[in-house]
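This is what each chain is made of:
There are 2 protein chains.
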Amino acid sequence: MQLLKDRIMKDGTVRPGNILKVDSFLNHQMDIDLFNEIGKEFYRRFADCPITKIITVEASGIGIACITAQYFHVPVIFAKKSLTLNLDGDLYTTKVDSFTHKKTYNVVLSKKFLTPEDHVLLIDDFLANGCALQGLIDIVQKAGAVLEGAGIVIEKGFQDGGRRIRDMGVRLESLCIIDTMTEDALTFR
Amino acid sequence: MQLLKDRIMKDGTVRPGNILKVDSFLNHQMDIDLFNEIGKEFYRRFADCPITKIITVEASGIGIACITAQYFHVPVIFAKKSLTLNLDGDLYTTKVDSFTHKKTYNVVLSKKFLTPEDHVLLIDDFLANGCALQGLIDIVQKAGAVLEGAGIVIEKGFQDGGRRIRDMGVRLESLCIIDTMTEDALTFR
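Chains as they are written, first to last, in our numbering: chain A, 83 to 271; chain B, 83 to 271.
The shape of chain A in the complex, shown without the other chains (with noise of 0.2 Å):
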């Protein structure tokens, strides 16, 4: 998505530590004309699709994941991050290795949202190591439901969670894959 690439290239800078600042626009102030352009482009890629749900991860895949369903007419939930385990039998519960914050917590979900009848389409700002969203696969999966795909505005290509994603089978759209990242240069795929 050439809007979103120079718009990175624009505003984005980069961290030691392969941290890919892109504050301004995508995950802390957030431009809304640009995410619905971006929710214009994954309603492109799946409009084939018979999606009944969109479902992200907080904090920062909400705003995109709300933006996008507009074009989709369908309803989101986002699955909660709980650093304690609630043994509530209602909700689906999976556990996610953060590399960011150095630590494990829980994603939950109310059972009652989601269901073998549901179609879902799973949307996050972010895929590097991928443990985000496989995370949310595995609660599609305890549900019943069909995965439909996934969308993730920006892939760091050189982390390897997005080839293990899509080896599992799942359709993956990126709508841009970094390929190299330094402090001087990036590139796309």
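Since the hints were made in silico from the structure, they are not lab data. A couple of the hints might just be wrong.
Because identical chains cannot be distinguished in the list, a pair is counted as satisfied if it fits within a single copy or across any two copies.
As a list, the in silico DSS-like pairs of lysine-lysine whose alpha-carbon atoms are at most 27 Å apart [said to hold, decoys possible]: (1) K87 - K193; (2) K224 - K163; (3) K177 - K122; (4) K184 - K92; (5) K122 - K92; (6) K103 - K163; (7) K163 - K184; (8) K185 - K87; (9) K177 - K193; (10) K194 - K103; (11) K194 - K177; (12) K103 - K87; (13) K194 - K92; (14) K177 - K87; (15) K224 - K87; (16) K185 - K163; (17) K103 - K224; (18) K122 - K184; (19) K185 - K122; (20) K87 - K194; (21) K103 - K92; (22) K224 - K122; (23) K103 - K193; (24) K177 - K103; (25) K224 - K194; (26) K185 - K92; (27) K92 - K177.
Chain A is already provided as a structure; the job is to place chain B on it using the hints.
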């Protein structure tokens, strides 16, 4: 806002401890068509204000803020919750006591996104004791920005947050105010 009151009466449930569960349409699963009506109503109420930024706090305010921002044509910033105090000088920081989660956390927002030129509308899903909203007001004041007002979806009128915020002179618009709430009955102001 009648549509919202009707939806609360239809799908909301009251749990012990003054908890109103609206997770089927507002803050876990999110009804985006309803969010659009909420966004239009916030725009109708604040159309006379020269809003330049909408600010909310993660996580459940983000979706409402993003959908609402489409009517104002402005960016959204979501303040982040952090249990550790980041001493980065580039952040506005304020302390918030969470009664729901029984802990104190820091709410942070990058200084580069909020300046004295900004006119801010705060958006959140719930107002009860008002601690989260007061934290956001504190950040706006630290930035020297103009606080145009705050838009709340559901105010618990039997807790004192709304009164305290209004007593500060803040223009507070709640789309519905719950005056009394038991497991059998719920009344709106």
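Now the hints, each set against the structure:
1. K87 - K193: Between copies only: 25 Å across, 37 Å inside.
2. K224 - K163: within (17 Å within a copy, 30 Å between copies)
3. K177 - K122: neither (31 Å within a copy, 38 Å between copies)
4. K184 - K92: neither (30 Å within a copy, 42 Å between copies)
5. K122 - K92: within (22 Å within a copy, 32 Å between copies)
6. K103 - K163: Answer is both: 22 Å inside a copy and 18 Å across each meet the 27 Å cutoff.
7. K163 - K184: both (14 Å within a copy, 16 Å between copies)
8. K185 - K87: neither (31 Å within a copy, 40 Å between copies)
9. K177 - K193: For K177 and K193, the Cα distance is within 27 Å only inside one copy (16 Å; across copies 34 Å).
10. K194 - K103: Close across copies (13 Å), not inside one copy (36 Å); limit 27 Å.
11. K194 - K177: within (20 Å within a copy, 35 Å between copies)
12. K103 - K87: So K103 and K87 pass the 27 Å test inside one copy only (14 Å; across, 41 Å).
13. K194 - K92: Cα proximity of K194 and K92: across copies only (16 Å, versus 43 Å in one copy).
14. K177 - K87: For K177 and K87, the Cα distance exceeds 27 Å both inside one copy (32 Å) and across copies (37 Å).
15. K224 - K87: neither (35 Å within a copy, 34 Å between copies)
16. K185 - K163: Intra 12 Å, inter 16 Å, cutoff 27 Å: intra and inter.
17. K103 - K224: between (34 Å within a copy, 24 Å between copies)
18. K122 - K184: Neither way: K122 and K184 sit 34 Å apart in one copy and 40 Å across, limit 27 Å.
19. K185 - K122: Classified as neither; 34 Å inside a copy, 40 Å across copies.
20. K87 - K194: Between copies only: 22 Å across, 38 Å inside.
21. K103 - K92: Classified as within; 12 Å inside a copy, 43 Å across copies.
22. K224 - K122: neither (29 Å within a copy, 37 Å between copies)
23. K103 - K193: between (35 Å within a copy, 15 Å between copies)
24. K177 - K103: Classified as both: same-chain Cα gap 26 Å, cross-chain 25 Å, threshold 27 Å.
25. K224 - K194: within (13 Å within a copy, 42 Å between copies)
26. K185 - K92: Neither. Shortest intra-copy (32 Å) and inter-copy (39 Å) distances fail the 27 Å Cα cut-off.
27. K92 - K177: neither (36 Å within a copy, 34 Å between copies)
Of the numbered hints stated above, those contradicted by the structure are hints 3, 4, 8, 14, 15, 18, 19, 22, 26 and 27, listed in ascending order.
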